[in-house]
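Asker: Here is what each chain is made of, one letter per residue.
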Amino acid sequence: MDRPLAFINARVVDPSRNLDENGAVLVAEGRILAAGADAANQGAPGGAEIVECRGAAILPGLVDMRVFVGEPGGEHRETLETASRAAAAGGVTAIITMPDTNPVIDDPALVDFVFRRARDTAVVRVHPMAAMTRGLSGEELSEFGLLKEAGAVAFTEGRRSLKSTKVMRNALTYARDFDALVVHHVEDEDLANGGVMNEGETATRLGLPGVPREAETIVLDRDIRLARMTGGRYHAAQISCEPAVAALRRAKLTGNGVTAGAAIAHLSLNENDIGAYRTFFKMSPPLRSEDDRQALVEALADGTIDVVCSAHDPQDVEGKRQPFAEAADGAVGLETMLAAGLRLVHSGDIPLSRLVDAMSTRPARLLGLEAGTLTPGAPADLIVVDLDRPWIVREEELQSRSRNTAFEGARMSGKVMRTVVAGRTVYEYAA
Amino acid sequence: MASAFPHRHLLGIEGLSPQDITALLDSSEAAIDVSRQVEKKKATLRGRTQINLFFEASTRTQSSFELAGKRLGADVMNMAVGASSVKKGETLIDTAMTLNAMRPDILVVRHHAAGAVALLAQKVECAVVNAGDGAHEHPTQALLDALTIRRHKGRLSGLVVAICGDIAHSRVARSNILLLAAMGARLRVVAPSTLLPAGIDRLGIDVFHSMREGLADADVVMMLRLQRERMNAAYVPSVREYFRFFGLDAEKLSWAKPDAIVMHPGPMNRGVEIDPMIADGVQSVIREQVEMGVAVRMAVLEALGEHLPNAWTTDMPSRLSVI
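If you read the sequences in order, they're chains A and B.
Under the numbering used here, think of the first position of the first sequence as 69, with each following residue one higher.
Under the numbering used here, think of the first position of the second sequence as 4, with each following residue one higher.
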């Protein structure tokens, strides 16, 4: 058994209890004993390692709702092990893996495979999402009931978007009976077809075909109506533009249970970062305009956007060293998500507690995970973060097997000093 | 001639100053004379190797670059890459590295993807000329168009230039817009909205959807090729409808200034974007554009040649001839 831990002189932030105060966090037998100001007056458990935090923040470990891993089938890009090490370094204690692997995770035995590989190799918790349709074909529904029993936390088409309105209706209807969450990449594949960046002046100057915002809002609008019609639980995996924010805001006013996420890249960067065809900034949905980015930040602050994810998508050199239009989509993000999010906190755009809520507490609740909280009795998944510590993102220092970061050379303030999963330290920053 | 062209590559019109453009056009004038002599050879690039690397077939542009290089004395090799290594899965970067190892002095590159030529230029040590990258740029085409216009109108500044047709998929349009705007021309684009890229109105040009308005008082009417595949992709319904509303015929041309010139980058779709009578008519300068193409490419190759390592100093050839 791991030694008990006593983190003292910390700023304890726990959005699940609206708590942000100076105090301590006590951990024993893999669970939280106490967290907050009152914990400071409680004695540390016998034999505990005393960790002097010097004012650093203790947050519930992050729950990243959108992580693409290469295992099975693309281990040269990323394995569960390397993804989990990247996660630990970035303060992510639970990664939610996408089913678009090879083979596609659409069978209970494959969900079990992911759990076993994670148990044997990963240092953080791994929760797979399963395919919404068999083989991600967009046609036959997968076995929601059996997959959920096997441990799938939600159902998604991964990078793909369901074309058929009918299949989406059925998926949401069927999901309701199992209280299953449907997570969807909102993009009209016809309208987006051939597009490689945000449609507009910048794309026109670069001579690149664009993806209009409407490719996102058309599908989001459809899904919102279907969610209302069926009563199924629906989450838009990542939205990228102002009209999508507006649609979501309207849906939430009417009490519709839809939720949505945004990727940290879309909250931090815009289409101008592409510059002269830099392929590490090519992603789906594409980076949008600065106005869109600001609308996303505002929506994150007021809770319209529920969740922030990394959309971690490792791509090898071959996939990225291509002409822009032919390069693979996606960027790694597990190790930079929190630091990039803290930029928004330091700039005064969002409070720290909202950021932690969006990166930990909210996703845990949506997925029904015992995580995202420092409540006594909860699993001791937590991170120690020096909120002001400066560091520079260096490609060669990333733990991820792929190095396609959109934050190369970025100056960050805020570093994960220690990551604890079930009471065990899985990452410690060696200064 | 000691005009210092301050760039190692020619990747686009973007980044060129009006001075750079004027200098290239001036030296192109000199190159025209070379091409009109019986003895068409200069020695400026003697001993240099020029590789024409075309990932996308283009007989006219490739032969134009080939002639330009040969008239300057370079050894020119044509590589049609579409047919070989790319089909075997070799990436653009691999191809670049392989060619680089053969130590060429100048690479002339045409590629179907925007930005591909600039990417390749980062990976090689020689000078790179963009002979067209996707829907991005085709700088030598814009230069030859400008040269043709300047020879007819005596200037570029203040001229009304109407670019008509498939702007959305056209690198020629982008390079022309950049160049002519930099030189002070007044630019218009005329096209059905389906063939205009988003945000085109923000490039400082006037946008028209009718030829009557778009061509009014134009000094230059530049037609673009409409590829037949656009019909299948629902950009325009049919050739006859397109020709009726956007094809240049005698009636539409009459709306422009009486002395307007008619241009086309080729290859033409006669009867689609242009009436054959107009293409071969008195106002057409289309064949002259082809001649200017060789001259402009000579000027570009010569300008880049001055930056090549161990470049001939300007007096070197004459000294050699004494020996």
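A portion of the hints provided could be inaccurate.
[To be verified] A partial selection of chain B residues facing chain A, derived with a Cβ cut-off under 7 Å:
no.	residue
1	Gly137
2	Gly157
3	Arg177
4	Pro200
5	Pro312
It is worth saying that the hints were derived from the structure and are not from the lab.
By construction, the Cβ of each residue, glycine as well, lies at the ideal position given by its N, Cα and C atoms.
Asker: The structure should be examined with respect to each hint, and the outcome stated for every one.
Answerer: Consistency of the hints with the structure:
1. Annotation: Gly137 of chain B was flagged as interfacial toward chain A, and the flag holds, the nearest CB pair being 5 Å apart, inside 7 Å.
2. Here the hint on Gly157 of chain B is broken, as its CB sits about 30 Å from the closest CB of chain A, past 7 Å.
3. Evaluation of the Arg177 of chain B hint against chain A yields a held restraint, the C-beta minimum of about 6 Å falling below 7 Å.
4. At its closest, the beta carbon of Pro200 of chain B sits 4 Å from a beta carbon of chain A; the interface hint therefore holds under the 7 Å criterion.
5. For Pro312 of chain B, the interface hint is violated, the least distance from its beta-carbon to any beta-carbon of chain A being 25 Å, above 7 Å.
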